[in-house]
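K.L.:
Now for the letters of each chain:
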Amino acid sequence: MSLPQVAPQALPVTSASEPAIEASGLVKRFGDVHAVDGMDLAVPAGGVYGLLGPNGAGKTTAIRMLATLLRPDGGTARVFGHDVVSEADAVRSRVSMTGQFASVDEDLTGFENLVLLSRLWGYSRADSRTRAAELLEVFGLADASGRQVKKYSGGMRRRIDIAASIVVTPDLIFLDEPTTGLDPRSRNQVWDIIRALVAEGTTVLLTTQYLDEADQLADHIAVLDHGKVIAKGTSSQLKASVGAGALHVRLLDPDQRPAAERLLAQVLDVPIRLEADPAALSARVSDADRVAQALMELSRSAVVVSNFALGQPSLDEVFLALTGRTAVPQTNGATPKETSA
Amino acid sequence: MTTTTTTAPVASQPVAQEAVRSALSSRTRPQRPDALSTSFTFWWRAMLKIKHVPEQLFDVTAFPVMFLLMFTYLFGGALAGSTSAYLQNVLPGILVMTVTMITMYTGLTLNRDVEKGVHDRFRSLPIWRPSTLVGPLLADAVRYTLASLVVLTLGVVLGFRPGAGVSGVVASVALLLVFAFSMSWIWTMLGLVMRSENALMGVSMMILFPLTFVSNVFVDPETLPSWLEAFVNVNPITFMVTATRGLMHGQGVGGEIGTVLVVSAVLVAVFGPLTMYVYRNKN
Chain A
53 MSLPQVAPQA LPVTSASEPA IEASGLVKRF GDVHAVDGMD LAVPAGGVYG
103 LLGPNGAGKT TAIRMLATLL RPDGGTARVF GHDVVSEADA VRSRVSMTGQ
153 FASVDEDLTG FENLVLLSRL WGYSRADSRT RAAELLEVFG LADASGRQVK
203 KYSGGMRRRI DIAASIVVTP DLIFLDEPTT GLDPRSRNQV WDIIRALVAE
253 GTTVLLTTQY LDEADQLADH IAVLDHGKVI AKGTSSQLKA SVGAGALHVR
303 LLDPDQRPAA ERLLAQVLDV PIRLEADPAA LSARVSDADR VAQALMELSR
353 SAVVVSNFAL GQPSLDEVFL ALTGRTAVPQ TNGATPKETS A
Chain B
2 MTTTTTTAPV ASQPVAQEAV RSALSSRTRP QRPDALSTSF TFWWRAMLKI
52 KHVPEQLFDV TAFPVMFLLM FTYLFGGALA GSTSAYLQNV LPGILVMTVT
102 MITMYTGLTL NRDVEKGVHD RFRSLPIWRP STLVGPLLAD AVRYTLASLV
152 VLTLGVVLGF RPGAGVSGVV ASVALLLVFA FSMSWIWTML GLVMRSENAL
202 MGVSMMILFP LTFVSNVFVD PETLPSWLEA FVNVNPITFM VTATRGLMHG
252 QGVGGEIGTV LVVSAVLVAV FGPLTMYVYR NKN
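Protein sequence lines correspond, in order, to chains A and B. Just add 52 to the spot in the first sequence (first one is 1) and you have the working numbering. Just add 1 to the spot in the second sequence (first one is 1) and you have the working numbering.
Wrong hints could be hidden among the right ones.
[What the hints assert, rightly or not] Rough simulated footprint, nothing fancy, chain B against chain A, three-plus residues with beta-carbon under 8 Å: (1) 120-131; (2) 185-197; (3) 218-226; (4) 239-251.
[Unchecked claim] Quick list of the computed label-pair ranges, beta carbon to beta carbon: (5) A:Ala251 to B:Val204: 49 to 59 Å; (6) B:Val158 to A:Gly83: 55 to 65 Å; (7) A:Gly83 to B:Gly78: 50 to 60 Å; (8) B:Pro55 to A:Ser138: 36 to 46 Å; (9) A:Ser76 to B:Phe210: 52 to 62 Å.
[Claimed, not checked] Heads up, simulated SDA-like pairs for lysine to any residue below, C-alpha to C-alpha not over 25 Å straight-line: (10) A:Lys203 to B:Gly118; (11) B:Lys117 to A:Asp235; (12) A:Lys280 to B:Lys50; (13) B:Lys50 to A:Gly206; (14) A:Lys203 to B:Asp114; (15) A:Lys203 to B:Lys283; (16) B:Lys50 to A:Asp159; (17) A:Lys280 to B:Phe59; (18) B:Lys283 to A:Asp235; (19) B:Lys50 to A:Ala142; (20) B:Lys50 to A:Glu189; (21) A:Lys202 to B:Phe59; (22) B:Lys283 to A:Ala185; (23) B:Lys283 to A:Gly126; (24) B:Lys283 to A:Arg314; (25) B:Lys283 to A:Ser176; (26) A:Lys202 to B:Pro237; (27) A:Lys280 to A:Ala292; (28) B:Lys117 to A:Gly83; (29) B:Lys50 to A:Ala185; (30) B:Lys117 to A:Ala292; (31) B:Lys50 to A:Gly198.
Keep in mind the hints are simulated off the structure, nothing from the lab. Quick reminder that beta carbons are idealized off the backbone N, C-alpha and C, glycines included.
Whole structure, please, built from the sequences with the hints as guidance.
P.N.:
So, in structure tokens, the structure goes:
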């Protein structure tokens with residue numbers, strides 16, 4: 053469990069009159085399963101829009117419909133004003149998609165993959181080779197250009213995926229869980245790429261089950277559960293809707309927790325939550341003054357605090373408040389396509 | 002192109018923001034490529050896959066050699082008195098049979114390929130969609146040509162002497178390629194519909210074994226019971242085999258050639274759109 057982020061990093065938001073995505077009442081069923089069940093979405097052009105939800109919330113299915121790969125069973129969706137069903141080609145020429153599963157050819161080398169896509173976008177043979185080499189260089193993959201993609205590491209793989217998506221700079225890019233399963237360093241690299249994309253004016257629609265990722269990157273967030281949008285807004289709006297900040301206290305000695313719980317409850321006058329960590333407690337507070345008082349009270353009673361933090365509630369807590377369940381991110385990306393939809 | 006001997010991932014270099022931005026800033030959109038050009042690009046992709054995984058050519062080399070040796074020496078003495086006499090008649094048949102059999106791999110390759118995420122990317126590109134499938138089929142024509150060369154070379158070594166010479170052989174292989182290309186559309190459709198490779202293999206065998214064996218490849222249809230002879234006489238493989246024999250040995254087979262072309266056209270007209278329908282609606 054991560055401690056609450058104090059402030060999300062601000063990103064430049066390009067304002068534009070035409071929304072990137074307008075979807076209303078989108079439905080997609082797989083047999084009896086309503087993977088997407090009446091989804092409304094309005095994504096402004098520019099910036100990062102985050103679709104947040106646990107596995108099975110309908111994130112992947114939703115973006116597959118928006119990227120014209122799946123035909124909706126109900127509802128409508130327009131991308132830059134083009135209908136995803138009747139004007140699919142117009143949509144395709146303006147968007148790019150990077151799937152949760154490898155979306156380059158594993159048997160080919162990184163260079164061959166990028167030449168292939170450049171050719172398909174209409175570059176000449178010579179221009180394709182130039183473009184492929186340029187992208188590999190920029191994404192730090194020049195040394196691996198002649199190697200089959202199946203021999204790439206997870207982070208390299210994700211970067212070649214994204215490189216393949218920007219052979220022609222798209223106006224809208226779908227990134228389906230771009231950092232699932234990556235180590236922190238590779239994750240930061242992907243985040244840097246996403247920020248660069250946004251800075252150049254591409255709209256990014258990102259799905260994630262990492263709450264801090266949405267917090268870090270997304271200007272707007274829609275929280276998905278069971279194929280429906282259950283909340284939307286900016287990161288701070290979502291947090292604010294759940295209540296004020298939260299106080300997290302960690303004690304040096306877990307044996308002192310009952311005493312600490314009693315003291316905090318007394319001073320703060322709110323329910324105290326006992327964390328899974330036997331030395332940790334948290335409470336939602338509205339008044340910062342009382343926090344200072346409570347901490348003083350703890351120290352006066354010889355309860356030793358090893359560390360404390362006061363901040364906005366994390367998106368984890370937002371999700372808990374919205375659904376009554378915690379969003380437990382699964383770290384393995386090995387869920388079959390059908391069920392992860 | 003660089004070749005590396007190590008398989009361990011190299012340490013990745015950091016990503017420079019500025020560089021990424023400069024790579025993105027060129028928003029020039031090239032002219033949308035035409036259907037022919039994208040089909041050719043997908044043909045190139047299939048060729049690259051052969052380059053990286055040459056084992057996949059095993060079927061086009063091992064199958065023909067095995068079939069030709071096995072049937073020539075197994076049946077030759079019994080059916081035609083001598084193997085060399087039998088070879089003149091059976092080689093065109095085995096050529097047709099072998100190439101028809103390996104068309105099945107088209108479906109298997111596609112079945113494996115569409116499961117991979119890369120098809121999501123292809124399908125999200127603004128290109129002529131059938132090119133994704135037409136390209137590999139054109140690449141298969143290369144495999145079929147290779148298989149034909151193997152059969153013909155081995156056949157000549159064993160004593161096959163086509164009466165119509167090189168031009169007859171070339172004409173018959175060309176006709177066979179057209180027929181095989183059309184047959185392949187059945188497998189592309191099945192390759193998209195069937196869930197597993199094993200199921201696909203089973204169904205393909207169920208179709209191919211009767212189709213190729215219950216024909217005039219090995220025996221004269223007149224020796225068969227009448228109900229079986231009736232089937233053999235309408236089997237497209239029979240027309241294809243008769244046309245091949247005729248072209249190779251210089252007999253007039255205009256009618257058979259016409260029939261083969263009509264069958265091919267019908268196969269493409271039926272299974273082409275069906276395949277595309279399935280491909281478009283595949284989740």
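K.L.:
Tell me, which hint numbers fail for this structure?
P.N.:
Going through the list in order, the structure violates hints 12, 15, 17, 18, 19, 22, 24, 25, 26, 30 and respects the others.
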